[in-house]
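Enquirer: Based on these hints, arrange chain B on the given structure of chain A.
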Amino acid sequence: MLKGTPFHSRTSALNETYAWRRWSGFLAAGSYELTHEREYWAVRNSAALFDVSPLFKYHLSGPDAATLLNRVVTRDISQLAVGQVFYTPWCDAHGKVIDDGTISRLDDQRFRLTSAEPSLRWLSMNAVGLNVTIEDVSEKLGALALQGPKSRLILDSIANPPITHLKYFRLMHTQIAGLPVTVSRTGYTGDLGYELWCEAKDAEALWDALMKAGHDYGITPAGILALDIVRVEAGLLLLDVDYTSAHKAIIEAQKSSPFELNLGWAVNLDKPNFVGKKALREEKARGAAWQFVGLEIEWPALEKLFLDEGLPPQIPNLTVRASVPVSSMGRQVGYASSSTWSPLLKKYLALAHVEAEHAKPGNLLMFEIMVQHKHRYTPARVVELPFFNPERKRQ
Amino acid sequence: MSSKQSTVHCSPFTDNYSLTMANNYDAIVIGGGHNGLIHAAYLAKAGKKVVVLERRHLVGGAAVTEEIYPGFKFTEFSYVVSLLRPEVIRDLQLPKHGLTILPLPSTFTPLPNGDYFAAWDDHDKTRREIARHSLKDAEAYDEYSRQMARMAMAVKPILSMIPPDPTTLNPKDLFGLAKLGGHAAGLSEKDFYNLAKLMTMSAADLLDEWFETDALKGTKSASGIIGTFLGPRSPGTAYVLLHHYMGEIDGAFRAWGFAKGGTGGISNSIANAAKALGVEVRLNASVSQIIVKNGRAVGVALESGEEIYAKYVSSSLDPKRTFLKLTDPKQLPSDFVEAIRRYKIRGSSGKVNLALSGLPNFTALPGEGALHRGAISISPSVDYIERAYDDAKYGHFSRKPYIDCILPSMIDPDMAPPGQHVMSCFVQYAPFAHEGGWDDAKREAFGDAVINALSEFAPNLKSLILHRQVLVPPDIERITGLTEGNIFAGELALHQLFFLRPAPGYTNYRTPIANFWQCGSGTHPGGGIMGASGRLAALELLKDWKA
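Protein chains in written order, with the numbering used here: chain A, 11 to 405; chain B, 209 to 755.
Chain A extracted, bound-state conformation:
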């Protein structure tokens, strides 16, 4: 049986669709309203409130906590200051990505790691001989993401002390409605936004305080259908959709290295030994075989394919989490793993894995599309990620 999150009493009362998606064994709203459209726009226009409690969350503490994390993940945790957050992938010994998430340094010897998959066993296996305590706090904490241009104003109206000057990828402790809340300026939307971490018992009161304070700013509870569109606009990966965990892959071809996922920037080969370092150093030297790129599907050609059948263009208004072949000169050179129509950018976008030689921005590839039950190809241009990167995200 699926569980409700600590916010379930609130989210279930708002869910007009009565439909739930599953997220790590929890109930997660796809959309609260009958269409997800307004929830999507809240992220870009006002403020959207997401329940992200199903994330796996771990507290690591002790003198060797930093050492453990530095041994596991690809970024250099010695560079992570107290009050700072890193996004990072982590790999198996062959340099293939197992999972990705954020690490927050709560104080010198205390960290919080979030992940998409259960990670306690992997962390423990790598902690042999280290003086570190690893606690699974997944169900002890409630987590919300307040994302959108009005998120700062809303939080500032109720947070004591205020979060006005909290910088991108930093965190602070504050109180909201008298409850202790950790606020990090992070998110999965590519917009100005915050994630809020609280004790599960305080979850409902935190939700109520945010909804009340956000009312005049257009706060809108939003589900994962909207989240799935904005994260594609932001060029952000999703495990099991855009890549397969090295732990779950059946064949080698299913695995991806950080370099192949556009995460080379998060690999630090200068730091002490870490899981996968040797393989990653070798891969970097020879160059990754694949690249993870953005594609913009060109509309006039796509429209014509449909018009030739007498149809208006028909493309899904949700993120499609299905593999779509991408070719060049009649040969398949990759596949899109997420594709969506962006109502903001008015463009049909895809995140795609392509062979490195075809990954240059500006390169024209052919994107498979089904038109009246027939396979067709339509031009798509390789572009730099992210597709959308507003200044307010960092300002």
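Please note that a few of the clues may not be correct.
Said to hold, decoys possible - Some residues of chain A that are not near chain B, with every Cβ distance over 12 Å (derived):
hint	residue
1	Met11
2	Tyr178
3	Pro190
4	Thr192
5	Pro335
6	Arg386
Said to hold, decoys possible - The calculated DSS-like cross-link candidates involving lysine-lysine, where the alpha carbons are at most 30 Å apart (straight line), are:
hint	chain 1	residue 1	chain 2	residue 2
7	A	Lys370	B	Lys253
8	B	Lys253	B	Lys751
9	B	Lys528	B	Lys552
10	A	Lys150	A	Lys258
11	A	Lys403	A	Lys177
12	B	Lys333	A	Lys222
13	B	Lys304	A	Lys177
14	A	Lys211	A	Lys222
15	A	Lys258	A	Lys13
16	B	Lys304	A	Lys403
17	A	Lys403	B	Lys483
18	B	Lys751	A	Lys314
19	A	Lys403	A	Lys370
20	B	Lys483	B	Lys751
21	B	Lys398	A	Lys384
22	B	Lys253	A	Lys314
23	B	Lys483	B	Lys253
24	A	Lys314	A	Lys384
25	B	Lys483	B	Lys528
26	B	Lys304	A	Lys314
27	B	Lys398	A	Lys314
28	A	Lys281	A	Lys294
29	B	Lys601	B	Lys405
30	B	Lys552	B	Lys650
31	B	Lys670	A	Lys222
32	B	Lys650	B	Lys608
33	B	Lys552	B	Lys601
34	B	Lys538	B	Lys528
35	B	Lys650	B	Lys533
36	B	Lys304	A	Lys370
These are calculated hints, taken from the structure and not from any lab test.
A virtual CB, placed ideally from N, CA and C, is assigned to each residue, including glycine.
Expert: What follows is chain B alone, placed relative to chain A:
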């Protein structure tokens, strides 16, 4: 080839102005409304040196947002975006320059009996709502929508097409006519007949064939009369209903809704795109006259006395202003002048913009709800709107007007201070030629009629008003320059659409004066924030340029 050089070398003139052309432009565009800006942007995209001359202190024409009352932004005249052409959005990269179109998910029509009628952005929800009024209508609605969508598919290509002249044997025009026939041929025989009926019927007659619910017919028929001096029972109004469906068949593209920042947000995004392409936008630059030498337009004179020269001059102003005010009639053929004089441009609508301290509370659906985020339509029946028209027919504003409201601050929180609201009320009818002429007292009486009509359904409205701006057609003319305050720069009536807009023989954006072009909403296809006129005129002008 540098167009600046070509201007100098190709100039057929030898008198003074051709010698002072070093600082000149390839093209001058008169008017910084959306069509003028789009026209300029397309010319600049082709490498031309272009200046846009705008009379006011801000761009946008009738698509402007102004802070009329501190903290409250009014989308002053136009208030929604319906059919902004996808190719314009794409070619000029408008989203990159700030264009954001937010959804308007519903239409709510409060009724005198305390009930309401609503249409939502969810098929089942809408069907259930209609069934509450009539089971028969609920089913008919689906079929009606499908038929309109099919016809819209057939008619829509016309929006992106330069009108052929049906009276010539010019191969280009014949090809255009054949293409047009081809689109119609895509229709079944039944749909073709329906299309022919649609072209000639009144909105009320068409809707009577389908529906029995007064509120549904009233609300639907309203979109057939907006911007016209016609009532829902006037023939020709059915066709305008079709326009409503054209946005819907864009599917995911969805260029219909409320623009973030109001319609001024659209104008600003177009201006930004144009400037990024190198267009110079000059504000407070009011053109007084087109300078014509030897039958060719060579520049313009400003009110300030300054003269600016260019190879081409394009006017985005309405046809009457362009040809009867800025042009010396001696330069134009008399039959053309006569056609422009006869061009119907009667202003028929007003606008009331409100700054509110809170949300109007509708008796039919008390409290804050989803309806506050969509259109609110005072259109309980066809009779109601026809009676509103009766007043106007005889020279009086409607005592009980048709009103189309939105609360922009419910959609875009940047439009008003937190917790407070702006309300945009489009009102019909307010005839330009009011009996005895408009004065301050009549304007206020008109404002009162609007507030009273709304208060019948939302009794707390009066207590919320912090500021009200009432605009009647002479105000619209004074501020935007649109002749008689007509929002479409000429009525969207069948006798002045397509190859008749603005005058027979001059529908391909040319004018009787060489090198003088028209690119505003008074040309095909015109109407609303569509941008097709500005774009098509630029494409046609660029073809001419190469020739």
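Enquirer: A separate judgement is required for each hint: does it hold in the structure or not?
Expert: Here's how the hints hold up against the structure:
No beta-carbon of chain B comes within 12 Å of the beta-carbon of Met11 (chain A); the shortest separation is about 29 Å. No beta-carbon of chain B comes within 12 Å of the beta-carbon of Tyr178 (chain A); the shortest separation is about 22 Å. Pro190 (chain A), annotated as away from the interface, keeps every beta carbon of chain B farther than 12 Å; the closest lies near 27 Å. Distance to chain B confirms Thr192 (chain A) as a non-interface residue, since its nearest Cβ pair spans about 26 Å, more than 12 Å.
With a closest Cβ-Cβ approach of about 21 Å to chain B, Pro335 (chain A) is found to remain outside the 12 Å limit, as its non-interface label requires. With a cut of 12 Å on Cβ distances, Arg386 (chain A) stays outside the contact zone with chain B, its closest approach being about 17 Å. About 26 Å separates the Cα atoms of Lys370 (chain A) and Lys253 (chain B), which keeps this hinted pair within 30 Å; it holds. For the hint linking Lys253 (chain B) to Lys751 (chain B), the alpha-carbon distance of about 14 Å falls within 30 Å, and the restraint holds.
With a C-alpha separation of about 10 Å, the suggested pairing of Lys528 (chain B) with Lys552 (chain B) holds against the 30 Å cut-off. Pair hint Lys150 (chain A) plus Lys258 (chain A) holds up; C-alpha atoms about 27 Å apart against a cutoff of 30 Å. Between Lys403 (chain A) and Lys177 (chain A), the direct Cα distance comes to roughly 10 Å. Compliance with the 30 Å bound is thereby established for this hinted pair. Simply put, Lys333 (chain B) and Lys222 (chain A) have alpha-carbon atoms about 28 Å apart, close enough for the 30 Å limit, and the pair holds.
Between Lys304 (chain B) and Lys177 (chain A) the CA atoms are separated by roughly 25 Å; this keeps the pair inside 30 Å, and the hint holds. Distance hint between Lys211 (chain A) and Lys222 (chain A) is fulfilled; the C-alpha atoms sit about 19 Å from each other, no more than 30 Å. A distance of roughly 24 Å separates the Cα atoms of Lys258 (chain A) and Lys13 (chain A); the hinted pair therefore holds under the 30 Å criterion. Under the criterion of a C-alpha separation no larger than 30 Å, the hint pairing Lys304 (chain B) with Lys403 (chain A) is consistent with the structure, at around 16 Å.
A distance of roughly 26 Å separates the Cα atoms of Lys403 (chain A) and Lys483 (chain B); the hinted pair therefore holds under the 30 Å criterion. For the hint pairing Lys751 (chain B) with Lys314 (chain A), the CA-to-CA distance comes to about 24 Å; that is within 30 Å, so the pair holds. Distance hint between Lys403 (chain A) and Lys370 (chain A) is fulfilled; the C-alpha atoms sit about 26 Å from each other, no more than 30 Å. The straight-line distance between the Cα atoms of Lys483 (chain B) and Lys751 (chain B) is roughly 23 Å, inside the 30 Å bound, and the hint therefore holds.
A hinted pair counts as satisfied when its Cα atoms are at most 30 Å apart, and Lys398 (chain B) with Lys384 (chain A) qualifies at roughly 29 Å. Distance restraint check for Lys253 (chain B) and Lys314 (chain A): the Cα-Cα separation of roughly 24 Å lies within the 30 Å cut-off, and the hinted pair is therefore satisfied. Between Lys483 (chain B) and Lys253 (chain B) the alpha-carbon distance is near 10 Å, which keeps this suggested pair within the 30 Å criterion. Our distance criterion of 30 Å between C-alpha atoms is met by Lys314 (chain A) and Lys384 (chain A), whose separation comes to about 14 Å.
For the hint pairing Lys483 (chain B) with Lys528 (chain B), the CA-to-CA distance comes to about 29 Å; that is within 30 Å, so the pair holds. Under the criterion of a C-alpha separation no larger than 30 Å, the hint pairing Lys304 (chain B) with Lys314 (chain A) is consistent with the structure, at around 24 Å. The hinted pair formed by Lys398 (chain B) and Lys314 (chain A) meets the criterion: a straight-line CA distance of about 26 Å does not exceed 30 Å. Note on Lys281 (chain A) and Lys294 (chain A): the hinted pairing holds, with a Cα-Cα distance of about 15 Å set against a maximum of 30 Å.
Taking the CA atoms of Lys601 (chain B) and Lys405 (chain B), the gap is about 25 Å. The hint holds against a cut of 30 Å. Our distance criterion of 30 Å between C-alpha atoms is met by Lys552 (chain B) and Lys650 (chain B), whose separation comes to about 24 Å. This hinted pair checks out: Lys670 (chain B) and Lys222 (chain A) have alpha carbons roughly 27 Å apart, not beyond 30 Å. Of the pairs offered as hints, the one joining Lys650 (chain B) and Lys608 (chain B) holds, with about 15 Å between alpha carbons and a cut-off of 30 Å not exceeded.
As the CA atoms of Lys552 (chain B) and Lys601 (chain B) are separated by approximately 15 Å, the hinted pair is consistent with the 30 Å bound. With a CA separation close to 15 Å, the supplied pair Lys538 (chain B) and Lys528 (chain B) stays within the 30 Å bound. Distance hint between Lys650 (chain B) and Lys533 (chain B) is fulfilled; the C-alpha atoms sit about 28 Å from each other, no more than 30 Å. Between Lys304 (chain B) and Lys370 (chain A), the direct Cα distance comes to roughly 22 Å. Compliance with the 30 Å bound is thereby established for this hinted pair.
Comparing the model with each numbered hint stated earlier shows that all of them hold.
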